[in-house]
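Read top to bottom, the protein sequences are chains F and H. Using this note's numbering, you'd call the opening residue of the first sequence number 36 and step up by one each time. Using this note's numbering, you'd call the opening residue of the second sequence number 36 and step up by one each time.
These aren't lab readings, by the way, just hints derived from the structure by calculation. Among the hints, erroneous ones may be present.
As the list makes no split between identical chains, a pair holds if one copy fits it or if it spans any two.
[Unchecked claim] No farther apart than 20 Å at their CA atoms in a straight line, the calculated lysine to aspartate or glutamate pairs in the EDC-like style are these: (1) LYS218 / GLU153; (2) LYS216 / GLU139; (3) LYS85 / ASP202; (4) LYS97 / GLU170; (5) LYS197 / GLU61; (6) LYS237 / ASP173; (7) LYS85 / GLU139; (8) LYS85 / GLU142; (9) LYS218 / GLU139; (10) LYS196 / GLU142; (11) LYS237 / ASP64; (12) LYS186 / ASP173.
Number of protein chains: 2
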Amino acid sequence: MRLTPEQIAAFHRDGFLVLPNWFTPEEVDLLRTETYHEFGNDQPGRILEKNGAVRTVFAAHKTNDTFARLTRVSKMAVPAAQLLGDEVYVHQFKINAKLGLDGEQWEWHQDYLYWLKEDSMPTPNVLSAVVFLNEVDDFNGPLLLIPGSQKLGTIDLDVEKKYSELDAAESWKPTLTADLKYKISKRTLVRALEDSRIVAAKGAPGFVVFFHGNTLHGSSGNLSPVDRLSVFISYNTVKNALLPMDKPRPTFISERDFTPIDTLPDDALLAPLDSHTSPQSEQLAPLAG
Amino acid sequence: MRLTPEQIAAFHRDGFLVLPNWFTPEEVDLLRTETYHEFGNDQPGRILEKNGAVRTVFAAHKTNDTFARLTRVSKMAVPAAQLLGDEVYVHQFKINAKLGLDGEQWEWHQDYLYWLKEDSMPTPNVLSAVVFLNEVDDFNGPLLLIPGSQKLGTIDLDVEKKYSELDAAESWKPTLTADLKYKISKRTLVRALEDSRIVAAKGAPGFVVFFHGNTLHGSSGNLSPVDRLSVFISYNTVKNALLPMDKPRPTFISERDFTPIDTLPDDALLAPLDSHTSPQSEQLAPLAG
Chain F
36 MRLTPEQIAA
46 FHRDGFLVLP
56 NWFTPEEVDL
66 LRTETYHEFG
76 NDQPGRILEK
86 NGAVRTVFAA
96 HKTNDTFARL
106 TRVSKMAVPA
116 AQLLGDEVYV
126 HQFKINAKLG
136 LDGEQWEWHQ
146 DYLYWLKEDS
156 MPTPNVLSAV
166 VFLNEVDDFN
176 GPLLLIPGSQ
186 KLGTIDLDVE
196 KKYSELDAAE
206 SWKPTLTADL
216 KYKISKRTLV
226 RALEDSRIVA
236 AKGAPGFVVF
246 FHGNTLHGSS
256 GNLSPVDRLS
266 VFISYNTVKN
276 ALLPMDKPRP
286 TFISERDFTP
296 IDTLPDDALL
306 APLDSHTSPQ
316 SEQLAPLAG
Chain H
36 MRLTPEQIAA
46 FHRDGFLVLP
56 NWFTPEEVDL
66 LRTETYHEFG
76 NDQPGRILEK
86 NGAVRTVFAA
96 HKTNDTFARL
106 TRVSKMAVPA
116 AQLLGDEVYV
126 HQFKINAKLG
136 LDGEQWEWHQ
146 DYLYWLKEDS
156 MPTPNVLSAV
166 VFLNEVDDFN
176 GPLLLIPGSQ
186 KLGTIDLDVE
196 KKYSELDAAE
206 SWKPTLTADL
216 KYKISKRTLV
226 RALEDSRIVA
236 AKGAPGFVVF
246 FHGNTLHGSS
256 GNLSPVDRLS
266 VFISYNTVKN
276 ALLPMDKPRP
286 TFISERDFTP
296 IDTLPDDALL
306 APLDSHTSPQ
316 SEQLAPLAG
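Hey, can you work out the whole structure from these sequences and the hints?
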C-alpha cells in the first residue's frame, strides 16, 4: 500500500490526498463498533459539544486494541512516512463524532498552528490521516479543505489580529470571540481562495484523507440524521519531535514518546485479538502475518 | 408572472418551488445595497448571532421603501396568492444575513409551528417567499429543504418531547437544550427522510424559493467568505388571520393588520422613489406603470 509518485505529487500540490475505499466494509464495521464503544466510556479524553453530545474522544489508541492497530497498519503509517519523508510516530489520535443532528461546526483552521503554539512542534512537516466511517455527503458535515492553502505557510497570529480588527470596523460584524482559539480571519480565507476553491471530502464509508499540517480545513454542523464518524491520526516525524516545555499538554492530546511506529500488515486490523502484543506493552511487536 | 398549473402542482407535491432568475441583476443590486443599509441601522428588529454579527433584521418593509415595494410586486404577491388560494397579507418580513464566515446554523424547523404557538395562526395555509441576493453554493449555508415534509403535518410537541427522551437514553447524546425552541427530534427527521432526501437551494443571485409553512427546512453555518443574504417574506391569507391573544408578539415580528396586499407591477422595484406613496401611509396605492 505504498503511494505512487503521482499521489505524492498531488499531496504536495493540493495539501491533501483522498483515497477512496481505503478500508473494507468489514474493517469499517469494526472501527464503527469500537467508536461507539469509546463514546459510551466516560474518560478524560472525551470532549463534549456545547449541546452535551460527544464531540471528540482523544487517545483511544492507548487503551483500545483495534485503534492501536489502526495507527500501525501499513496503509496508514507507510503513506504517512512517504509523504513526510521520514520515520513517523503518532502525535495525536482522536475520534471526531459529528453525530447526526448534534455534531457542531469546526471553523477554518490549521492544525499545525495549534501544535506550534501549544506543543512546541518545530516545523509544519506533519500530517493527519482521517478514516471516514460513514457515507459522507453534503449534509452531514463533510471535511472541507482548500487545495493549495498549505502554501500560505503557517498563519501569523499578529497579522490575523490586525485583519480581524479591520473587519470589525463594520458595525454589523462579530463582537465576540470565535469558538476556536486560532480562528483565521476572513481576509486570510479570501486570500487562500483567490486561486482555489473549497472542496468537500465525500464518499462511501472507508475512504481516507491525508492532509498537511498547514492545510486550511473545517466543517459545517451535521444537519443530517446520519452520524459522520471519523478517526484522525496525526503522524509526525521523529526529526520533528516536540521541544521541551514547562507545562506540556497532557499526553492524551500531545504525545511525547517519539518512538517510531513499528508497522503491521494491512490485514492486522481484523486479526484475532490475542494474536499480538497488547498496546500497553512497552515494545509493540509486528504481527507475524 | 403567474405560476403555471405545473408549478402550483410541484409546490403542493414538494412543499416548495424554486424560481431561478426571478429578479434581475439590477434589482438584486438594489436589494443588496438596501440590505447592508439596514444591517448598519441599530433598530429593534435587528437580531444578532451568538458571535455578535447581524443574524436577522425584521420588518424593514415598514420603514424602507424598497422592501415595502418588494412585498407588493406581482411576481411575489401573485404567486403567493395563487399557492394559498386566497388574498394575502405580509405576516412577517425578515432579512437573514448569514454573513460570510459568521453566519450560524439554523436547525431543522417548521415555521408554522412558531406561528401557531406564538401567534395563534389557525391553519398552516401560509408560505414564505425567499429572495436570495448572492450566488449560493454548498459552502455558504444554502437553504436546505425536505421535499414532501409538509405532508407530515404540523409537528406535535408532545410526541417530539417523548422522542427526544428516548434518544437521550444513550449516554453520548446531548444533555443541553437546543438553540431552537421548537427543534424537531432526530426520529421525526428520519421519518421525513424515509421516502425523501435533503435538497439544497442553490443558484445565481436573484432566485426565489416559495415554501409551505410546514415544510421542514434549516441551513448550515456559512463557512465561505461570501455572504448569503436573503429576504424572507411570509405571506398569510386573510382568511387565516391571527386569532386574538392576551400578549401578542410585537408587530415587527407578527403582523396584526390583515389588510390584503395591493400589488404593484413587476417593474416597480426599480421605479424612482418619489413616484409612489410612502410605505408608512395608511393606504398603499399601486404605481401607475
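Report task. Return the numbers of the hints above that this structure violates; sort them in rising order. Result -> Going through the list in order, the structure violates hints 4, 5 and 12 and respects the others.
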